[in-house]
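Visitor: Residues per chain are reported as follows:
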Amino acid sequence: MTDTPSPRLRIAIVDDEALARAVLREYLTASSEVEIVAECQNGFEAVKVVSELHPDLLFLDVQMPKLDGFEVLELVGCDVAVVFTTAYDQYALRAFEVHAVDYLLKPFSAERLAEALSRARERLQRGERLPTQEIVAEARGGQSGHAGRVLVRDGSRVHVLSIEKIDYVQAQDDYVSFRCEGKDYLKDQTLAQVEAALDPAKFVRIHRSYLLNLDRLARVETDERENRLAVLSDGRKLPVSRAGYARLSARL
Amino acid sequence: MHPILARAERLTAYLTAWLVVAVLLAAVVTRQDLGWMEALAILLPMCLVYAFACLSAWYVCRATPLTTSSVVRVLASSGLAAIVASGLWLALMRFWVSALSLLPAFATTGASFTSHEPLLFATGVLLFLLALTVHYLLLAFELAREAEQRQLRMEVLAREAELRALRAQVDPHFLFNSLNSISALTAVDPAGARRMCVLLADFLRDTLNVSSRSQIELVEELALTDRFLGIEQVRFGDRLQVERHVDATAGQCRVPPLLLQPLVENAVTHGIAGLLEGGVIRLDVSRRDGRLSIAIENPRDAESSPPARRGVGLENVRQRLMAMFGGNARLETRAADGRYRVELALPCLTDD
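Each protein sequence line maps, in turn, to chains A and B.
Counting in my numbering, the first sequence tops out at residue 1164, every number present.
Counting in my numbering, the second sequence tops out at residue 1005, every number present.
Next up, chain B with everything else stripped away, as it sits in the complex:
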C-alpha cells in the first residue's frame, strides 16, 4: 500500500505542500507578463494533477531499492522518470493552456505561457526528484519499522519458546521410580498401590494444569509440591521427612507455575537420595510487608561433589522468576555444614 495514500492525514499534508508549491510557482511566473489569475488558473489544477503523478515515484523507489540497486541505476531511473513525468506534465499544461485560451479572459495566456515552459519543465523535474527523495525516505522508515517489528515478534516467539522449555517437565526418573514403587506395592499393599496411583495421577494433572498458565496462586504450587513429596515419601519411606511452615496469608500471592516443585525435587534427588539415613526437608514460607520469602533447606552428603544437574533446574527457576518480577525478585543458594538452602524473595502480588 502506498504510504501517503494509506492515511488521510498524510494525503492532506502532501496536498497542502503542493498547494504552497503552486502558489510559489504562480508568484514566480507573475513577475513577468502573466497575471495572478492566469497563473493560478494554470498552476493550481496542474499542480494538483502533478501531485498525484508524483505519487508514482513510490513505484520507482520500489522497483529500484537503494539497498540492492547500484548508484548508477538509481540515478538513471530517477532522472529518466523525472524527465518523462515532467515532459508529460508540460504537454498536459500546454493542452490546458490552449483550452483556457478559448475563454475571452485568457486570450493572451497562450503566448505568454510559452516563455515559462523551460522554467516549468525544470521545476517539474526537480519536484519529481524531490518526490522520489521523500518516497525513498518513507520506504526506508517503513523497512526499518518492519525490521523492528519482525525483531520484536521474533523476540516474543523466542521468549515464549524459552518459557515453554523452561516449564519444568516431570523428571523421567521420578516417573519410572514411582511406577516401580506401585509395582512393588501391588503385591504387598494393594490399597497403598491404589493410593499411590491416585497421588501420581493428581500430581501429573496438577502439573499439566498449572503449566498452561502464566501465573498461579502459591497455595496451588504448595499443594502440588505436597503431592510430589507424598509420592517420594512412599518411595523413600522413613528416609524422607518434611517440615513445613507456611504463613496462612501467603497462599494468595501469585507466582510462576512450578516455581517450587523443581527446588523440592532437587532437595530430594540431590539431598535425601544421597544420604544413607535420609533426613528432613524444611520448607518455610512467610509474607511480610508485601514481600514473600521462601526457603527450602535439605541435608546433603558433604563428601559428594555438587551435582551438575542442580544448576540447570535452579537456573530455570531463576529465569522464570526474573521473567515475572524482573529485578524485584532474588534467588540465593547457600551450602554449609552438610546442608543446602535455597532462598527466594519476591513481591507478593495478589488479585485484590
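Next comes chain A alone, as it looks inside the complex:
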C-alpha cells in the first residue's frame, strides 16, 4: 500500500517588485509540496494567469500599479484562493481581519509563510470561497469618493471602463451588463452592488433592471399605454418604472 501524496499546491506569485517576488520564490521552492506556476508583475498578468493556468493559490500584493490587489481579487476572487501580502496598510488590514483573509506582512519569515500555506490548503479542501465583494468594499472604506472606473474581466483580459463612457447598466440573470461605447460588458455582480459603487449624482436607478448615466438622457416620453420611456442621446429607449421616474424627477 502506498500513501497517495497530497497533490502539490499550484501557486502564482503576484508582486510588482522583483525582490518581493524573490523572497516568496526562495521560500516556496524550498517546499516540495508546492509548485510555482507563474510569477506576475502586475494585476493584468495575474488575471491572465488565473484564467489560463488555473492556479490553486495566489500570493497577491496589495499595492500595485494600474490594478491593485483588491481589484485583482474582485476580478478573480471566485476562481482562486488568495493570500495577500502587504507592507503596511491599515484599511487593508482591517478588511483582512473582518473577513478572516490570510495575509503576510512584509518582511515575513519562512515559518509564517508555511502557516499561511497550510491554512490555505485547509481552506481549499473545505472548498471555502472568500466574500470577495464585501472584502473589497471594506478595504475601499478608507478611500472616500465613488469608483471612477469599472473593471470587467473577459476571460484572460481585463477591460477598464471609465464611468463617463458607460451609457447604462442592465441587470441580467446572475450578472450585470455595462453598455459602453457600443459594446456590452458582462460582470458577475448585482445591480445593487453596482449602484452602491457608482456616484448617485451621475447614475440613477430608473427601473428594477436599469441604472442610467444621467449624461446620456435626452428626454422622457410616454407611450400609448402610459408607460414612461427614457430616450438616450443615441435614440435608444429604456423603460422607466414609477419609482424610477420619481428618482429621476428628484434628480432633474
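Everything labelled a hint here was simulated from the structure, so no lab data went into it.
Any given hint could turn out to be false.
Partial list, computed: chain B residues near chain A (C-beta under 10 angstroms) [unchecked claim]:
no.	residue
1	Ser723
2	Ala744
3	Gly890
4	Gln894
5	Gly931
No more than 20 angstroms apart at the CA atoms, straight line, and that leaves these computed lysine to any residue pairs for SDA-like [as the list claims (entries may be wrong)]:
no.	chain 1	residue 1	chain 2	residue 2
6	A	Lys978	B	Leu701
7	A	Lys978	B	Asp954
8	A	Lys1077	A	Arg1128
9	A	Lys1077	B	Glu956
10	A	Lys960	B	Leu929
11	A	Lys978	B	Gly931
12	A	Lys1077	B	Ala955
13	A	Lys978	B	Ala903
14	A	Lys1114	A	Arg1137
15	A	Lys978	B	Asp990
16	A	Lys978	B	His923
17	A	Lys978	A	Glu951
18	A	Lys1077	A	Arg1061
19	A	Lys978	B	His826
20	A	Lys978	B	Glu956
21	A	Lys978	B	Val713
22	A	Lys1095	A	Arg1061
23	A	Lys1114	A	Asp1085
24	A	Lys1095	A	Asp1085
25	A	Lys978	B	Arg660
26	A	Lys978	A	Ser963
27	A	Lys960	B	Leu928
28	A	Lys978	B	Val933
29	A	Lys978	A	Asp1085
30	A	Lys978	B	Arg944
31	A	Lys978	A	Ala1109
32	A	Lys978	A	Asp968
33	A	Lys978	B	Glu896
34	A	Lys978	B	Ala716
35	A	Lys1077	B	Asp954
36	A	Lys978	B	Gly890
Computed from a predicted model, the values in this text were never measured in an experiment.
Think of the CB as a built atom: it goes at the ideal place given N, C-alpha and C, for glycine as much as any other residue.
We have chain A already, so just place chain B on it with the hints.
Guide: Chain B alone, transformed into the frame defined by chain A:
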C-alpha cells in the same frame, strides 16, 4: 508683588504725586488761619504716611476683583476701606498735631487744626478712593498683559508642536518595504543586502539628525534625498530612474529640514509606483539673483485619480516653507499629460 513698589521709577512718580497733593492741601488750609509752615509741617509727613497707607488699596483690589465681584460688594468694600483708612489717618494727624503743639512755634496749631478736620477726613476718603481706582486700573493692565503673554506663550507652544508634527516622519511603508528588500537580498545578493542596510541606516540617521534642527544647508537635504532614492532604486530596480541638475552654488542655501524628501517620496509612491514601466524623476535646482528654484517632476498614471495623501505631504512642506520665509516663498504644483511637477521658489539665505 505690588505694582508700584515693584519698580523704583513708579514709586518715585507716585510719591511725587503725593507731594503735589500735600502742597495743594496746604494751600487750601492756609487760606484760613493756619500758616504755611504749620500746614506743611502737618501735611508733608502725613501725606507721606498716607501715601504708603494708600498702597494697601492694592490688597482691597485683589480681594474684590472687578471681574468676579458684584458691584455692591466692590462699592461697599471700597467705601469701608476708604473711611477706615481716612479715619486712622485723621487720628494719626491729631496725634501728630498734639505732638507738634508741644513746640513753642506751634502752640496755637492744635486749635486751628480742629476746624479743618472734616475737610481733611473727606479728602482722605477721596484720596483713598482715587488710589483704589488707580490700583484697579493697574490690576486690569497687569491681567491684560498676563493674558497676552499667556496667549503668546500658547501660540509659541502650539507652533512648536505643529512643527514637530509637521517634520516629515519616515513613512512606515517605506521602512517595511526596504526591510523586505533586504530580506530578499540576503539570499540572492548578500553584499547588496549589506549595502542596503548601510544605506537605510545612513538615511535614518540623516533624518534624525536634520529633523532636530530648524534649518539645514540644501546640500544636506540633497544628500538625504539621494539616499532615499538609492534605497527606492533597490526596491524598484529599473523602474525608477533619476535625473538631477543641481547648480553647484545652490548647496549653501538654507532650507527647512526635510523640505524635498517628502516631495521626492511622493514622486515615487504616487508616480513611479503607479506605473507598470516606471519612469524618470527629474530634480532641478538652480540659484539666481539670491533666489532658489527647485522643481521635482515625475510621470504618473493619467488614468488613476489623484491620491488624497499627497495633499497632506505637500501641505506640510508648504507650511514649513511659509514658517521660514513667510510670503517670500512659493510652492506650485502642475499636473498635465501624465506628468506631475512641484515647483518651489524661495530666497537663498546663506551663512555668509
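Visitor: Could you work out which of the previously given hints the structure breaks and list their numbers from low to high?
Guide: When the structure is compared with the hints, numbers 1, 2, 4, 6, 13, 14, 21, 23, 25, 29, 30, 32, 33, 34 turn out to be violated.
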